[in-house]
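Since the structure of chain A is already known, use the hints to place chain B on it.
There are 2 protein chains.
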Amino acid sequence: MSKFIVSPKEGVPFVSVQAMAKMIHDYGVEQCITDLVDALEQDYLRWDQFEKSSRFASHSKDGVIELMPVSDGEMFACKYVNGHPINTTRNLQTVAAMGILSDVENGYPILLTEMCILTALRTAATSAMLAKHCAPKGVTKLALIGNGAQSEFQALGMKAIMGISEVRLYDIDPAASQKTADNLADSGLNIIVCRTLEEAVLSAEIITTCTADKTNATILRDDIITKGVYINAIGGDCPGKTELDSNILMRADHVIVEFEPQTRIEGEIQNLSSDFPVTEFHRILKGEVQARKSADDLVVFDGVGFASEDFTALVFLRDLIKKQGGYEILDLIPQQADPKNLYSVVKGHSKNHSLVTNEAESVAMS
Amino acid sequence: MSKFIVSPKEGVPFVSVQAMAKMIHDYGVEQCITDLVDALEQDYLRWDQFEKSSRFASHSKDGVIELMPVSDGEMFACKYVNGHPINTTRNLQTVAAMGILSDVENGYPILLTEMCILTALRTAATSAMLAKHCAPKGVTKLALIGNGAQSEFQALGMKAIMGISEVRLYDIDPAASQKTADNLADSGLNIIVCRTLEEAVLSAEIITTCTADKTNATILRDDIITKGVYINAIGGDCPGKTELDSNILMRADHVIVEFEPQTRIEGEIQNLSSDFPVTEFHRILKGEVQARKSADDLVVFDGVGFASEDFTALVFLRDLIKKQGGYEILDLIPQQADPKNLYSVVKGHSKNHSLVTNEAESVAMS
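Keeping their order, the protein sequence lines are chains A and B. Heads up, the first sequence is in this note's numbering, so the first residue is 1 and it goes up one at a time. Heads up, the second sequence is in this note's numbering, so the first residue is 367 and it goes up one at a time.
FYI, nobody ran anything at the bench for these hints, they're computed from the structure. These figures come from a predicted structure and were not determined experimentally.
Okay, the calculated bits of chain B under chain A, using three or more residues with CB under 8 Å as the criterion:
| id | region |
| --- | --- |
| 1 | 379-387 |
| 2 | 444-451 |
| 3 | 481-494 |
| 4 | 701-710 |
Derived lysine-lysine pairs resembling DSS-like cross-links, with alpha carbons at most 27 Å apart:
| id | chain 1 | residue 1 | chain 2 | residue 2 |
| --- | --- | --- | --- | --- |
| 5 | A | Lys347 | A | Lys9 |
| 6 | A | Lys322 | A | Lys3 |
| 7 | A | Lys227 | A | Lys286 |
| 8 | A | Lys52 | B | Lys418 |
| 9 | B | Lys713 | A | Lys132 |
| 10 | A | Lys9 | B | Lys427 |
| 11 | A | Lys347 | B | Lys688 |
| 12 | A | Lys141 | B | Lys713 |
With beta-carbon atoms standing in for the labels, derived distance ranges:
| id | chain 1 | residue 1 | chain 2 | residue 2 | range |
| --- | --- | --- | --- | --- | --- |
| 13 | B | Phe642 | A | Leu45 | 40 to 48 Å |
| 14 | B | Val372 | A | His25 | 25 to 33 Å |
| 15 | B | Pro627 | A | Gly138 | 53 to 61 Å |
| 16 | B | Gln408 | A | Glu288 | 49 to 57 Å |
| 17 | A | Asp48 | B | Gln397 | 50 to 58 Å |
| 18 | A | Asn91 | B | Phe642 | 49 to 57 Å |
| 19 | A | Asn91 | B | Ile538 | 52 to 60 Å |
For each residue, glycine too, the CB sits at the ideal point set by N, CA and C.
Chain A extracted, bound-state conformation (with noise of 0.2 Å):
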C-alpha cells in the first residue's frame, strides 16, 4: 500500500476530534482494538527494523510533557503527549495529545491527527495483546482498577481479545467506577462496581491498573495478589509514578516491559536494581522466551507505552481515512513553482492554494 494519503504537493491529511469520534464509531471499538492488536503483531515481529529510543520528556511540577519519535526507514512517527493528572480537577483532560507520520525520503509530513481517543485505542491493543500472549488462557475476569478516560477501551480490549465476560470496577472516585459502568452497560460484559479494592481483585484473573496519580503509590498490595494473577500495570509511566508494591514484581515469576531502556525510567521497575530481570515483549512474540511455565506463575507487564505502538496506530488510521476519507487538508507546507523560491509566498502571499485554509480563513478571519 502507497504511504501517501494525498500527494506531498496537495497538503496534509489532518483528522479531526470529531472526524475521529465518527470513525471509531462506525468502525467499532472492540473491532479497531482486534483490528489494532494484528497491526501491533506484525510490527512487534519486525521490532529489529525501528530506530528506537527512550522518549523525551519534560518534567515540571504538576506534569510532563514528551516526544514520542520512531522511525521504520520509510515513515517517521511522532506523538506529542502529556500527562497531568491535577487537570481534571481544572476540568481539562489528564492527557492531550498528537500524532504526525511523516515520509523518510523526503520529510514531508503525510498525516497530523488527533490521539487522545487513537491512544486510548492504541494502549487499549496493547494492553490485549501483551494479555493474549503472556496470561493464562481461558479467563474470563478482568479487575479495573483506576476508572478513568481509558477504562472503557481498556475493558474492550480484554473482551474483545481475551474473552473477558466480567469485569470488576474499583477508583478512589466512585463517580468514575459509575461513569465506566454507565458506558459499558449495553458491552455485554457483567460490570460489578466495587466499594473496595480488595472487592475489585477478588477472584479477577487479570488485574489492569490504570490510575493516574504521579506518585510513587502502592494501588496493588503484595497480600492480595494470589498465584496464577495476570497484572497489566499501565497507569506507571514516569519517574515518580509507580502503582506496585515492589515486592509483587519481586516475586513475579515474570516481568515483561516494551523497550527496557525506557522502562528502566519509567517502569514500575524504577524502583528496583537496574539489573532486575526483564524480557522485551517482542522476544516473547517471536517464541524466543516464554511467558509462563505454570498456572501458578505470577506474571507482571510493566507498560509504560512505546513510540512503536503509536507508529502501529498512525499507520492504521492512515490506510483506515485512505479507505473512507474523513480528513481534512491542512496548509502547512508552501508550495509555491519554485522550491527555492520561498520568498515568493510572502511577496505573492496568495499562491497557496488550500480549499480548507480558505473555508476555513474565511470562519477564522470573519
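The following block gives chain B in isolation, referenced to the frame of chain A:
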C-alpha cells in the same frame, strides 16, 4: 501578556502558510526581523531559564528529520523540521517545518503553525543579531553564498539590522542567484550577481554561507578569507554537513556558537577536536566575553539553529495573532463535559463543536 490565544476548551489556534504569508507580507519582512531580533535578545539574556537539550535527529540516506524541544518553565515549544537537500530535484522544499507551543501548566497545545516561513525569519533574525554583536561596525557589503530559500530573508535581515547596502550573490546554480536578485530588485539593496565565489567575497565585510548540500563541503577556502571579515556560517547544521575549510576556524580569533553541546555534533566545529575553544553567544550578549578585540579579528558564527530561537519565534507569532487574528481553530483535543469520560466522545461522536472543523469536514467529507 496572557499566554493564551484562546481558552484551552475552545480548541487549538492554527496558522496556515497562507495566513502566515499574508501576515508577514503586511507586517513587512524587515520590520518582522527587527522585532524578532529584539525578542531573541530578551530570550538570550535569560538563557539560563531555558531547559535545553540538543535536538533529536533521525538520519536517513538523503536527509534528516529533527525535533527541537525547549521550555522556559511556563511554555514548551517544539519544532518538527526536516532537511533534505535532494528535495529541490523533486520539486519539493529542502525544509518542511511545523511548530507547536504549549502550556507547561496543563500540557495543552496553545498554538500550532506552519514553520517554513517562520524558520526563515527566525534564522535571518538570529544571523542579524549575531552580526549586530560580533561583526565590525559600519559594514556595508554582504556576500551571500548559497541563494536558496533562506537567501532573501538573510539579505533583508542584514540590511535592517546592520545597514548593509550591497549584497554580492553567488550560487553554483545561477538561476538561484537570479531568483534572489529578482526578489530583491525593489528592496533598496544594491544587488550584484557574481559568476565566481571569489568575486562574491571580494571586498565583502560579512560573508554568509547558507548552502544546503549534505556533505563536508569546502564552500569557503582559507586563502580567500581576509583579516577583519565576519563569517556567518549557517548552512552546516548536521553531522557530515559543513561548509568551511577547517583552517578558517583554526586561524579565527573567535568562533561563536549557540548551544555548545549541539554545535559540537552539528556545526563546523564537528571537524575539529572536542576541546576546540568556542564561546556561547549568550555570554557575549551579557557582556561576559568580548566578540572582537581589533578591527583585524576574524570572527566566525558557527550557526546551526537552536530550539530557543524557535520558542522566541512562536511566542512572537502568538502575540501577533492575539492582536490581529489570522488563525483557524483546530479540533485537536476532546472537549467532553467530564474529562474522565473520553469514551463518551466516541459513543456520542458529536460532542465536539469546532466551527472550523465543521466547515472543513463539510468540505473534506463531501
